[in-house]
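**Student:** Below are the chains, spelled out letter by letter.
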Amino acid sequence: MATRTLRIGFLPLVDACLPILAQEHGFAEEEGLSLSFVRDVSWATVLDRLLYGHTDAAHLLAPLAIATTLGRGRPAQAMSAPFVLGLNGNAITLSKALAAKVAEPGRLGDPRKLGAALKAEAETALASGKRLRMGVVHRYSSHNYKLRYWLAACGIRPDQDVEIVTVAPPFVADALANGEIDGACVGEPWNSVCVERDVGVIVLATAQIWRRGVEKVLAMREAVLDERRPEVEGLIRAMRKAGAHFVNPVNLELNCHILARPEYLNADRKLIARAVSDRLVLSHGAPPVHYPDFMFQHSEAANFPWVSQAAWLYSQMVRWDQLEFDADQARQATRVFRPDVYRNATQGTGDDLPAANSKVEGSVTRLTQVGAQQGNITLSSNNFFDGMTFDPERVQEYLASLP
Amino acid sequence: MQYDGVKIAIIDESSVRASIIEDGLAELDNREVFILTQREGLLARIEEIGPDIVLMDLGNPSRDVLEEYFAVSRALARPIAMFVDESDDDAITASIDAGVSAYVVDGLSSNRIRPLLDLAVKRFNAFARLQSDLDEAKGKLAERETIDRAKRILMHSRKLTEPAAYAELRRKAMSSNKRIAEIAEAVVTAHELMGEG
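Chain order of the listed sequences is A and B.
Taking my numbering, I'd label the letters of the first sequence as residues 1 to 403.
Taking my numbering, I'd label the letters of the second sequence as residues 404 to 600.
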C-alpha cells in the first residue's frame, strides 16, 4: 500500500497522545498512513495552520471547532470533528494562598463544598475592592465552560464575582507565581508543573464537574474531510488502536517516554505519567492521589463524537457569549461532530460502536448497558456534579433552567 | 502612500525581527510604529497605544491572550478582527506562509492594509532567509570542527600526517557515498564509544 501523509497540528498537552502514539507504534502505517506533526504554543496558530493548509488535521479544543464553524471572532469556515481525542483530563489549580483558605489538604475536594468556600472568598475579595481572577486556556475551550458551569452552579457569577482571563498553558505556572491569577483551569501536564514549582495546589478535576465531559477533538476543514475521507477513516482506526495501547497500564512507561520527547510535549516524563495513570500529586511533595478516569481516552466508546456533546458546547457558547439561541446555528454546531464518519471508519472492525448518535448527557448514574451497533458498551456514570441533565432536543429549556 | 496617524504595533519576542519589520515600514509616510517585545504587561501596552494594526509572528505564544482581549475589550473604540478583508485570500495565504499574523481595526480600508501586509511578509521572509543562512553557517562551522577532531584521532591512532588523515576520510566518504562530515562524525563517535574521547 502506498503511504499517504497527513500533517497534524497540536499543542504540547497529554491529550495529544492518540495521533502521536498512532504514528509511533506503527498503527498509522498499518493503515497506509504516515503522520507528521506541527507543534505550536497557541490555539490561534494551530487554527491558522489548519485553515490555510499548513496542516490537514489538528488536536483542537472542541468549542473552538464549533466557534470557527459559526464564525465567532473570525470569518466562518466549516469544520468537522469525526473523532473525540478524549474526555476530561483537565484540573483546577489554585494559588497556594487561596487553596489554603478553600481546599481540603491532601485530597480533591467535594465540588459543592469547595465552591461554597470559594464563593465566600470571592465575596471577601469583592468587599475589599478586589476580584479573584481565574485563568483558562482559551475563550472557546471546555476548560472555560466547565469552570464557568461549576462556578455558576455554586452561586459565583463569572465575569462579575470573579474575572476570567486567557492564559496559555505553558504560562500558567508563571502567572500563578507572580500573582497575575489566583487560579486556573488547564490541561496536563501544566497543573503538575505548577505543583512541581510549588506555586499552586490542584483542588478539583474537571471530571468532578462533568464525569464524562468532552475535551479535545481531531478537527479539520470540512473540505479536507471530503477530499481525504479514506485517509481520515484510516487515521480513526489507527487512533482507536493507539487508545487501547495507551490505556493499558503495561505500556505506561513507554508511552510517557515517547510523549515526553522534545518534538512532542518536551516535558518531564514523570509529570506526564501522573495524568496518564490517574495519580496526581496535588501539592508539592505530597503523595499521589488516585482519582480514577481523570482522563478518559478509550473505553466506553470515549472517542465517539456524540452530537449531544456538540449541542452541550453550543448551549454554553450561547450562555456565556450572551447570544440568542438560534435553531440554525444549533444545527450547524452539532453538524461539526461527525458520528457518520466514525461509524463508517470502524464498521466491521468489531470495535465498540453505539447504536445512537445522541444521548441525554448526565443521565447515566450507574453502569448501564446501551444499544450497540457492534461490540458491547456499558456506560458508567456521566453525571454533572449538580445532578442536572442535558437533553439535546431541549436546549432552550435547559438554558432557562441554569443559574 | 500616506499613512497619516495610522498606528502600527509590532509584537515580536525577537527584537531583531521586530526591527527588521520596522525598518521595512519606513517606506510608509507618517505612520507611527510601536515595537513590543515583552510578554509581561502586553495588554496594558496595547491598551495604551490603541493600535490600528497589530502585526505579530504567527507562532507568538501570546496570540490567544490577545485575541481574547480584542474580543472582549471595551477600551478600544472598535473591535479588531483578523484579516478583515476576507476576499483577499492570496494575501492571507502569503502572510500565513511567511509566518505573519495581522489584526486590523475594522473599517481601515483594505487598500491601506494590503501594501502594509505585503511589506511585512517581505520582511518576515528576509528574516527567515537570514536565519537559515546563519544556521547553515553555524552548521558548517560545527562540521569543520568535527572533521578536525576526526583528523587528529586518525593522526594519533594511525600515525598519519594531517593531509594523509584528510585523504583517508575523503577516500572513505567517496567509497561509501557519504559526505566527509558524516564519516568524520562516525570516527569521532566510535572514538568516544571506545572510551578514548
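Don't read these hints as lab results, they were simulated from the structure.
Keep in mind that a hint or two might mislead.
Under 8 Å between C-beta atoms, here's a sample of chain B residues computed to sit facing chain A [stated by the list, open to error]:
hint, residue
1, S418
2, S422
3, I423
4, G427
5, P464
6, D467
7, V468
8, E470
9, E471
10, A501
11, Q534
12, L537
13, K541
14, L544
Just so you know, even glycine gets a beta-carbon here, dropped at the ideal spot from N, CA and C.
**Student:** Checking hints one by one. Is D467 of chain B an interface residue toward chain A, by the C-beta closer than 8 Å rule?
**Tutor:** holds (5 Å)
**Student:** Holds or violated: is the Cβ of P464 of chain B closer than 8 Å to a Cβ in chain A?
**Tutor:** Since the shortest Cβ distance to chain A is 4 Å, the answer is holds.
**Student:** Quick check on E471 of chain B please, does its C-beta sit within 8 Å of some C-beta on chain A?
**Tutor:** holds (4 Å)
**Student:** Double-check A501 of chain B for me: the hint is only fine if its C-beta lies closer than 8 Å to a C-beta in chain A.
**Tutor:** Result: violated, 11 Å to nearest chain A Cβ.
**Student:** Taking the closest Cβ pair, is S422 of chain B under 8 Å from chain A?
**Tutor:** violated (23 Å)
**Student:** When the nearest CB of chain A is found for I423 of chain B, is that gap smaller than 8 Å?
**Tutor:** violated (21 Å)
**Student:** For the hint on G427 of chain B, just tell me whether its beta-carbon gets within less than 8 Å of chain A.
**Tutor:** With a closest approach of 22 Å, the G427 of chain B hint is violated.
**Student:** Given V468 of chain B as an interface hint, is the shortest Cβ-Cβ distance to chain A below 8 Å?
**Tutor:** Where the cut-off is 8 Å and the nearest Cβ of chain A is about 5 Å from V468 of chain B, the hint holds.
**Student:** Take the shortest C-beta to C-beta distance between Q534 of chain B and chain A; is it under 8 Å?
**Tutor:** violated (18 Å)
**Student:** Would the hint on E470 of chain B be counted as holding, given a Cβ-Cβ threshold of 8 Å to chain A?
**Tutor:** holds (6 Å)
**Student:** Can the hint on K541 of chain B be confirmed by a CB-to-CB distance to chain A that is less than 8 Å?
**Tutor:** Violated - the Cβ of K541 of chain B stays beyond 8 Å from chain A, reaching only about 19 Å at its closest.
**Student:** Holds or violated: the hint that S418 of chain B contacts chain A, with Cβ atoms closer than 8 Å.
**Tutor:** Violated. Min distance 19 Å.
Consistency with the previously given hints fails for numbers 1, 2, 3, 4, 10, 11, 12, 13 and 14, ordered from lowest to highest.
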